[in-house]
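Take these sequences, add in the hints, and give me the full structure.
Listed here are the chains, written in short residue letters.
2 protein chains.
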Amino acid sequence: MAMRSHYCGLVTDAQLGETVSLCGWVNRRRDHGGVIFIDLRDREGYVQVVCDPDRADMFAVAEGVRNEYCVQVKGLVRARPAGTVNDNLKSGKIEVLCHELIVLNASVTPPFQIDDENLSETTRLTHRVLDLRRPYMQNNLMLRYRVSMEVRKFLDANGFVDIETPMLTKSTPEGARDYLVPSRVHDGHFFALPQSPQLFKQLLMVAGFDRYYQITKCFRDEDLRADRQPEFTQIDIETSFLGEEEIRDMFQGMITTVFKNTIGVDLGEFPVMTYQDAMHLYGSDKPDLRVNLQFTEVTDVMADVDFKVFSGAATMKNGRVVALRVPGGSVEGGGISRGEIDAYTEFVKIYGAKGLAYIRVNDLSKGRDGLQSPIVKNIHDTALNAVLERTGAQNGDLIFFGADKAKIVNDAIGALRLKVGLSEFGKKNGLFTAGWRPMWVVDFPMFEFDEEAQRYTATHHPFTAPKDGHEDWMVSAPEKCISKGYDMVLNGWEMGGGSVRIHRADVQQKVFDALKITPEEAQLKFGFLLDALQYGAPPHGGLAFGLDRIVTLMTGAESIRDVIAFPKTQRAQCLLTQAPSMVDEKQLRELHIKLRNADLVKAA
Amino acid sequence: MAMRSHYCGLVTDAQLGETVSLCGWVNRRRDHGGVIFIDLRDREGYVQVVCDPDRADMFAVAEGVRNEYCVQVKGLVRARPAGTVNDNLKSGKIEVLCHELIVLNASVTPPFQIDDENLSETTRLTHRVLDLRRPYMQNNLMLRYRVSMEVRKFLDANGFVDIETPMLTKSTPEGARDYLVPSRVHDGHFFALPQSPQLFKQLLMVAGFDRYYQITKCFRDEDLRADRQPEFTQIDIETSFLGEEEIRDMFQGMITTVFKNTIGVDLGEFPVMTYQDAMHLYGSDKPDLRVNLQFTEVTDVMADVDFKVFSGAATMKNGRVVALRVPGGSVEGGGISRGEIDAYTEFVKIYGAKGLAYIRVNDLSKGRDGLQSPIVKNIHDTALNAVLERTGAQNGDLIFFGADKAKIVNDAIGALRLKVGLSEFGKKNGLFTAGWRPMWVVDFPMFEFDEEAQRYTATHHPFTAPKDGHEDWMVSAPEKCISKGYDMVLNGWEMGGGSVRIHRADVQQKVFDALKITPEEAQLKFGFLLDALQYGAPPHGGLAFGLDRIVTLMTGAESIRDVIAFPKTQRAQCLLTQAPSMVDEKQLRELHIKLRNADLVKAA
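Protein chains in written order, with our numbering: chain R, 1 to 604; chain D, 1 to 604.
Worth flagging that the hints you see were computed from the coordinates, not collected in a lab. Computed from a predicted structure; not experimentally measured. The hints are all genuine.
Any copy will do: because identical chains look the same in the list, a pair fits if it lies in one copy or spans two.
No more than 25 Å apart at the CA atoms, straight line, and that leaves these computed lysine to any residue pairs for SDA-like:
#	residue 1	residue 2
1	K467	N105
2	K586	D450
3	K516	Q578
4	K586	L515
5	K594	V185
6	K480	T457
Now the structure itself:
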């Protein structure tokens with residue numbers, strides 16, 4: 001006979017009067033009036049088990065069980081006594097009167113209560129197996145599964161085929177650092193773990209598979225941030241014979257379907273915004289549209305003001321001056337205080353800003369006298385009027401300014417925008433609207449100029465196609481080239497991105513030229529792609545979504561580590577298994593490598 | 001407007017009279033009576049396109065296209081003229097009268113015809129993108145996808161949850177060699193790529209996820225054979241609270257469903273055979289039941305025969321003497337010739353046999369005179385009668401013998417059994433029955449004695465549970481312990497295998513004791529598992545299937561390389577991307593390693 005007839009969490013009044021067999025873990029044991037109550041837990045939830053002393057053998061077992069014992073319970077489903085119904089549980093209307101209690105495995109005392117919500121990250125990752133027993137983590141990983149399964153169903157229905165690409169592949173030191181794998185068979189040679197299956201998926205299009213996908217691990221050996229892991233999971237997609245808009249439409253449909261079918265959220269319309277507009281209005285290519293604040297461009301009117309910070313920024317190469325109007329920010333009693341402005345001033349310095357100029361708009365009818373500001377006396381009328389008009393300033397507003405190189409302004413005022421919007425003040429004053437705000441950002445520039453290296457780099461990657469006609473500018477005026485790239489953004493997070501790819505070898509060569517990649521280099525690194533493009537490569541494009549990020553957003557978790565079963569720490573370590581670890585000298589010898597620091601070799 | 005209205009291969013008479021838009025590759029172009037015929041190919045098949053000279057612009061384009069050009073065709077679907085219908089194609093009743101022909105991308109002349117079936121492995125792997133355009137490879141990979149999707153559907157319906165486990169994990173030098181990944185952050189430390197997610201899936205059971213699966217890459221740095229790749233794909237499964245038979249039943253159901261739904265094959269019943277019977281009858285733990293030949297044990301009667309090869313084998317430690325009766329093998333004119341016997345004698349030497357004794361059963365009524373054999377004079381009557389009786393020998397049979405250490409006998413005569421069964425003679429004489437012969441092999445011994453290392457090793461892996469009661473023998477009599485392990489075998493291939501696992505820390509410790517793994521070693525290598533088992537680990541078990549093998553079997557391909565998009569060669573190289581490759585000195589320095597052979601460092 002099967003050990004289990006039902007999951008604990010799914011026993012309901014539909015089973016009233018039935019004898020059930022349950023398996024699970026003792027979440028809590030309470031003695032109450034001579035009766036023992038066990039909250040039994042499995043992945044589907046909790047059920048209350050009642051152990052009556054009139055069954056002496058069973059009761060003796062019940063007296064011995066402790067938290068986290070794994071037990072089997074056979075018993076009768078009955079209604080809970082009036083007044084003890086728990087509406088928070090699916091099983092809250094019933095309880096199981098225990099007939100037989102079998103300890104499947106005892107447990108030593110756990111280092112923490114499973115329902116403790118105040119555990120440190122280190123404790124959680126060290127005792128990950130117990131941490132994973134918590135309903136929070138169970139739910140996160142179950143949701144992650146449902147998301148990936150919904151993705152598969154959608155793609156299957158649309159003719160996409162999951163094709164596996166190699167994990168042991170070739171190192172192409174572009175962009176991020178590769179994880180390397182020494183070859184035993186080929187002395188001095190290394191495989192690299194893939195940063196993405198980009199080239200392989202393009203090759204599959206050239207091979208005629210038409211529609212490809214894969215939910216696969218990618219690897220980047222970068223210094224870790226809160227939303228990064230050495231290995232992360234990508235929903236990787238490529239299609240032939242679809243244009244930019246068709247691709248966007250299809251995958252907007254996919255994400256919409258997935259949100260609907262997993263967490264019941266209707267994402268609604270996805271506005272499409274150009275990269276230029278996004279930078280212009282939000283200083284970011286992944287604006288959080290839940291924050292109801294926008295930049296106002298005032299660079300053009302600041303060139304000749306006396307305030308040197310503004311005029312300097314307005315006239316320098318790549319300089320920018322913007323205003324950020326905060327409605328109600330100067331309303332007496334309810335606005336942003338002087339102390340808060342000081343704190344924001346410190347905050348923007350993190351992003352390289354040297355200060356934070358502002359104007360309090362107290363009373364527009366009083367002209368300059370109605371404005372309170374340390375800088376306004378050094379701004380001439382034309383500029384001041386432009387600021388007030390363009391921002392649409394009203395009495396009671398606070399206007400912040402950013403003036404510096406555009407990158408600093410965008411980063412600093414972009415971050416300030418979010419900070420103000422998400423502040424207590426912002427939430428109270430309608431500057432933040434909770435919900436889901438998806439969007440597309442499109443028309444990325446093909447190239448960015450790397451000031452340090454004094455050369456152009458690819459904004460997306462070097463296989464991104466230019467807009468029709470723009471290929472002619474690639475060498476003569478790279479900064480003018482717009483690509484067929486697109487990013488899907490949700491609440492300020494980049495969920496995914498991609499592009500139409502170059503399918504002609506001659507256009508690909510032009511990109512390499514613009515990037516100053518020599519034909520020899522190109523042949524060495526990407527020769528197999530260039531070769532493939534010669535044999536009737538089809539028009540194709542695609543995108544990749546970050547599965548970890550999507551699920552993190554859905555759950556509202558603070559870190560992607562909360563949606564990964566066995567994540568690494570920010571120091572790229574697994575606290576559970578203690579990986580990475582030292583290895584035997586013999587292993588290194590077989591791989592033809594040795595440590596630079598010979599002291600670290602493990603004793604045999 | 002969409003570039004494509006239909007896949008080429010799926011246009012049928014349902015579209016008669018419709019204007020369609022197709023995208024694909026020129027498979028062949030034929031000029032016939034002033035008209036150009038193009039066989040257009042996409043992943044779904046072929047369609048015939050007819051280009052009439054009366055549309056001059058289009059015709060000029062058609063004259064220019066060559067094989068493997070990627071083109072778009074707009075045209076009218078019409079019935080093929082009588083007598084030109086091609087029943088081998090889905091689109092064989094129709095053709096598309098071309099109105100507009102657009103070259104999407106030209107192609108240089110491919111190094112081979114796409115439909116050439118006589119390409120070398122090297123050519124195919126070097127030009128893999130073109131090789132993948134062949135319908136054979138397209139079909140193989142599409143089938144592979146359908147198999148994995150059917151697996152997912154089955155597991156989803158049965159409550160299994162796909163949970164990802166780490167690719168960067170800990171080296172545990174047991175069994176096969178690990179692929180290592182040097183850590184940049186931790187000097188002298190290495191990650192290992194997983195040989196299987198075995199420990200993680202057990203941890204997920206301890207964490208209460210109840211039913212886990214993953215279709216995931218595993219890695220073994222072993223010398224390659226025809227059916228091995230450095231990275232291979234495992235359908236990895238684990239469940240809690242199910243016993244050995246329940247697990248087998250469930251996954252027999254899964255494989256049966258998958259075969260039915262993908263290639264329409266009904267696998268029928270799966271006989272369950274003990275490991276002991278399999279070795280006894282077939283000398284193999286993965287017998288190919290399509291071959292209708294069995295071993296006959298005669299060790300017991302050979303101890304005192306004059307023929308030293310037999311008596312020696314019968315009396316040595318771990319020796320074995322078996323007979324293999326080949327019905328009809330001595331029938332005049334249609335049997336196995338002397339030359340063939342000589343060839344088989346050479347064949348068994350590959351497996352370590354020193355020779356191949358045999359008896360031709362010409363006429364049983366004549367007693368010894370009716371037997372033709374170089375050895376029979378040195379076999380006494382008791383032994384000879386036992387051979388004839390136990391094999392059920394009939395006139396016209398040929399009986400082969402194996403006598404040596406059991407391992408050599410099993411390997412050599414096991415291989416001979418297949419060789420004879422699959423020979424022309426075997427097929428003609430009913431010794432081979434084509435079809436699908438699945439089975440379970442169960443009751444594996446817990447341990448095997450490694451003569452070389454003079455210690456016991458785990459037959460499956462050290463986490464396999466012993467049969468109930470057998471745990472007491474683990475230290476006193478390890479050879480008697482039978483495990484709860486099981487393998488699924490199909491036509492002589494191991495498709496998958498697994499076991500009920502040990503869920504109690506004390507039992508796990510006994511296994512480590514039997515394997516002479518010290519507590520310190522065990523703690524260092526598997527401490528996290530031993531630790532987890534202490535916290536109420538549930539009874540659990542599972543198995544893993546080799547996806548590459550399943551699909552190879554289904555397609556009848558000669559190598560698993562034919563069901564993998566981008567495989568490695570037997571020298572563990574990717575001929576397409578030239579991985580592995582040399583890397584920059586800077587990369588090695590960051591990883592704190594250097595090459596032993598300094599000459600191989602790549603110039604900066």
